[in-house]
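Chains A and B are the protein sequences, given in the same order. Heads up: the first sequence begins at 11 in my numbering, then just goes up one per residue. Heads up: the second sequence begins at 99 in my numbering, then just goes up one per residue.
Since the hints were derived computationally from the structure, they do not count as laboratory data. Backbone N, C-alpha and C fix where the C-beta goes; we use that ideal spot for every residue, glycine too. Be careful, since some hints might not be right.
To be verified - Lysine-lysine pairs mimicking DSBU-like chemistry, simulated, CA-CA at most 35 Å apart:
#	chain 1	residue 1	chain 2	residue 2
1	B	LYS245	A	LYS174
2	A	LYS441	A	LYS53
3	B	LYS245	A	LYS399
To be verified - Computed footprint of chain A on chain B, listed as stretches where at least three residues anywhere in the stretch have a Cβ under 8 Å from a Cβ of chain A:
#	region
4	195-203
5	398-412
Stated by the list, open to error - According to the in silico footprint, chain B covers these stretches of chain A (three or more CB under 8 Å from chain B):
#	region
6	95-101
7	113-120
8	124-135
9	405-411
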Amino acid sequence: MDVVTLSRIQFALTSGFHYIYPPLSIGLGLMLVIFEGIYLKTKQPLFKQITKFWVNIFALTFALGVATGLVQLFGFGTNWAQYSRFVGDVFGSALGAEGVFAFFLEAGFLGIMLFGWDRVSAKMHYLSTICVCLGAHFSAIWIVVANSWMQTPAGFKIVGEGAKMKAVVTDFWAMVFNPSSVERLTHVILGCWLSGIFLVLSITAYYFLKKRHMEFARPTMKISLWAAAIVLVLQLFSGDDTAQGVAINQPSKLAAMEGVYQTQKMTPMTVIGWVDTANQTVKGLKIPGLLSFFVYRDFEKPVAGFDQIPLDERPPIAVVFQTYHLMILMWGFMVLVTVAGLYLWKKKKLEKAKWTLWALVISVLFPQIANQTGWMTAEIGRQPWVVWKLLRTTHGVSPSISSHQVMMSILMFIIIYSLLFFLFIFLLDRKIKHGPKTDEMVYSDKGGG
Amino acid sequence: MSESILPSLWYVVIGVCVVFYVALDGFDLGVGMLHFFTKKDEERRIFLNAIGPVWDGNEVWLVVFGGALFAGFPDVYATLFSGFYDFCMVLLAALIFRAAAIEFRSKRESRRWRFTWDALFSLASLLIAFGLGLAIGNLMEGIPIDKNEDFACTTSICFRPFPVLIGFFTVSLLMMHGSIYLAMKTEGRLHDRLRKWSIRCMCVFISFYVLTTVVTWFHAPQMVERFLETPLYLLVPFAALLAILNVPRMFTRNRDGWAFLFSCFCIFLLLCVYGIGTFPNLVRSTIDPDQNSLTFANSSSSALTLKVLLIIVAIGIPVVLAYGTLIYRIFRGKVKISSSSY
Numbered sequence: 011m012d013v014v015t016l017s018r019i020q021f022a023l024t025s026g027f028h029y030i031y032p033p034l035s036i037g038l039g040l041m042l043v044i045f046e047g048i049y050l051k052t053k054q055p056l057f058k059q060i061t062k063f064w065v066n067i068f069a070l071t072f073a074l075g076v077a078t079g080l081v082q083l084f085g086f087g088t089n090w091a092q093y094s095r096f097v098g099d100v101f102g103s104a105l106g107a108e109g110v111f112a113f114f115l116e117a118g119f120l121g122i123m124l125f126g127w128d129r130v131s132a133k134m135h136y137l138s139t140i141c142v143c144l145g146a147h148f149s150a151i152w153i154v155v156a157n158s159w160m161q162t163p164a165g166f167k168i169v170g171e172g173a174k175m176k177a178v179v180t181d182f183w184a185m186v187f188n189p190s191s192v193e194r195l196t197h198v199i200l201g202c203w204l205s206g207i208f209l210v211l212s213i214t215a216y217y218f219l220k221k222r223h224m225e226f227a228r229p230t231m232k233i234s235l236w237a238a239a240i241v242l243v244l245q246l247f248s249g250d251d252t253a254q255g256v257a258i259n260q261p262s263k264l265a266a267m268e269g270v271y272q273t274q275k276m277t278p279m280t281v282i283g284w285v286d287t288a289n290q291t292v293k294g295l296k297i298p299g300l301l302s303f304f305v306y307r308d309f310e311k312p313v314a315g316f317d318q319i320p321l322d323e324r325p326p327i328a329v330v331f332q333t334y335h336l337m338i339l340m341w342g343f344m345v346l347v348t349v350a351g352l353y354l355w356k357k358k359k360l361e362k363a364k365w366t367l368w369a370l371v372i373s374v375l376f377p378q379i380a381n382q383t384g385w386m387t388a389e390i391g392r393q394p395w396v397v398w399k400l401l402r403t404t405h406g407v408s409p410s411i412s413s414h415q416v417m418m419s420i421l422m423f424i425i426i427y428s429l430l431f432f433l434f435i436f437l438l439d440r441k442i443k444h445g446p447k448t449d450e451m452v453y454s455d456k457g458g459g
Numbered sequence: 099m100s101e102s103i104l105p106s107l108w109y110v111v112i113g114v115c116v117v118f119y120v121a122l123d124g125f126d127l128g129v130g131m132l133h134f135f136t137k138k139d140e141e142r143r144i145f146l147n148a149i150g151p152v153w154d155g156n157e158v159w160l161v162v163f164g165g166a167l168f169a170g171f172p173d174v175y176a177t178l179f180s181g182f183y184d185f186c187m188v189l190l191a192a193l194i195f196r197a198a199a200i201e202f203r204s205k206r207e208s209r210r211w212r213f214t215w216d217a218l219f220s221l222a223s224l225l226i227a228f229g230l231g232l233a234i235g236n237l238m239e240g241i242p243i244d245k246n247e248d249f250a251c252t253t254s255i256c257f258r259p260f261p262v263l264i265g266f267f268t269v270s271l272l273m274m275h276g277s278i279y280l281a282m283k284t285e286g287r288l289h290d291r292l293r294k295w296s297i298r299c300m301c302v303f304i305s306f307y308v309l310t311t312v313v314t315w316f317h318a319p320q321m322v323e324r325f326l327e328t329p330l331y332l333l334v335p336f337a338a339l340l341a342i343l344n345v346p347r348m349f350t351r352n353r354d355g356w357a358f359l360f361s362c363f364c365i366f367l368l369l370c371v372y373g374i375g376t377f378p379n380l381v382r383s384t385i386d387p388d389q390n391s392l393t394f395a396n397s398s399s400s401a402l403t404l405k406v407l408l409i410i411v412a413i414g415i416p417v418v419l420a421y422g423t424l425i426y427r428i429f430r431g432k433v434k435i436s437s438s439s440y
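For reference, chain A alone in the conformation it holds in the complex (with noise of 0.2 Å):
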């Protein structure tokens, strides 16, 4: 394989791996600035050993995220030199602004989160917590508008020929709110808020099933299925918007989400299916005119298929529609789960139904797979570009590296993160077994961080 291939597979596993943890440090971040704020104002001791618990989890999903988070800072420079020569001067104000406004911020208040319960004020300790979780949300503001830039460039100039070329900032504010940024940017919050939702559902719903630490689960149950239902119909209206967005920014990508070869009028939707790339077409239930509606709000007028764009252009299909269906799959199951745990909570029979429980604890699996297949339909919805009609992925690639590194390094990520990943399920494993330390004074750290 060439070195833009392995190149591309080694960025898609780091950063999908990556991408695992930051939502849940984000997630997180929101619910622990609720369990404490709730304990601030109620003084209930059982909230405070709430948040302790959910610190514990966090702090591991925390350091998860920063050590492969260095593995993405790098990767661009090392693989991707002629695009990082490119984009240095557009993207590098918004990387070095995510440094000193999020970064620090995280890990600075971490310490204080996590260590100095007994040496700070109860405030002081609420305020690091708010620090902490405001540091997650800035990080992903800064990367998700660089990355939307890559989608929809704005406020730059080209100069310079050839391998020389790049692009020079001319309007930094134009940058930043590109086209693409705030609509991209609320679909990923929210994204990140229903893993860190889902997570503390799953792990809740399987207390419940076991009939342990009830005192600690029945209130955690409560809040995050209420947050849960919130945050999902918030991401019905973002994804709308975001869609629209993309059809209007990159019809190409958006005739891949959805398999349009043909342009239509009525252009339907493919609710499920699958893309038959030999005959150019997409089998499945369709639904006449949808399509039009959601783009245009007008179920006449045509949806642009990929017919109107140049061969060389096109996205690969197949992948970008299955991921982007998937996605979506995945919200509604996420919202299947929530229902049924809602109305049943409410009859006051959730802790004996046993399904329900069982389908939140693997719930904690949807908004994971959909950041991802989400990201998926983004980034390869987006090729055969990568920053925008500017510059081709082929281009963007380190001339000194062989393919024979690149082999190497991928081959050394795929042990590194395999035994990360299997360390990271069996410390959360023992966690949720241990569950909350009722004793406050427990010396030993047996299971306990």
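Model the placement of chain B on the given structure of chain A, informed by the hints.
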């Protein structure tokens, strides 16, 4: 303000990031290397918890350095990281293992579990310290960059004798720095022992310092040029030596905090020596030093980007330093192991 000054200002910002990284994460790395020299589990936990609440924040300086380089000097970032591909991958592996080791080590009682993570923690710290030195050594000696700003690093380039020497020099420096930090954070017999370790580390460091100075003088004349042009600069390496010689004096007066500050100061001065010696190159080309070298003038981002970056830093860094100081104040004093410790 003329725009031509912007790249040099950003060069200073990157320099500040490097100084903070080496002075702060430097002691984390030193503690990591020393970790294996103590056998008792309780002492190892004290070592770990001495850096526990702060190491994450310290490592952020490395992230910010990477980001600052990408932002202000994208060509340097692209050339170096793609050129030193294998080297970067090994360094990344070490950074990942070190983070995992700190986080996971005390999570189980099992002796084999703890031994494995202890070994990984020490080894990774050693590897990173040596790697940082190796990188700096390679930049001092220069690397074969062609006209397209590219080069492919081979093992024979990376491990030339001079960079290897700088690698060992860095290891000795950070070990000393870590031991002084630990002396500040411990009490009782462990504290006395660490003071002795500090003095020993200091002797090793000073030997390396003298050796490196002599070798640089004869082997890397490009590093010496600027010092000969303006002999006043020679005060800087001399002051670095004086700063470190103050450490035993501070120990005898029971001023462990001051001892640590002098060690930080020494690191700052040594990095100034590097900055003066390599100026105005960021990466020196050995093929054609005058044409192919990446200087801060020919490889920087546009004036607008640098302005934005400087504004971000002017707002952000004072805030970072303010709460950074606050965090260090909250965790000042000797290490106590509690239920929330590592």
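Which of the numbered hints are not met once you compare them with the structure shown? Of the numbered hints, all hold.
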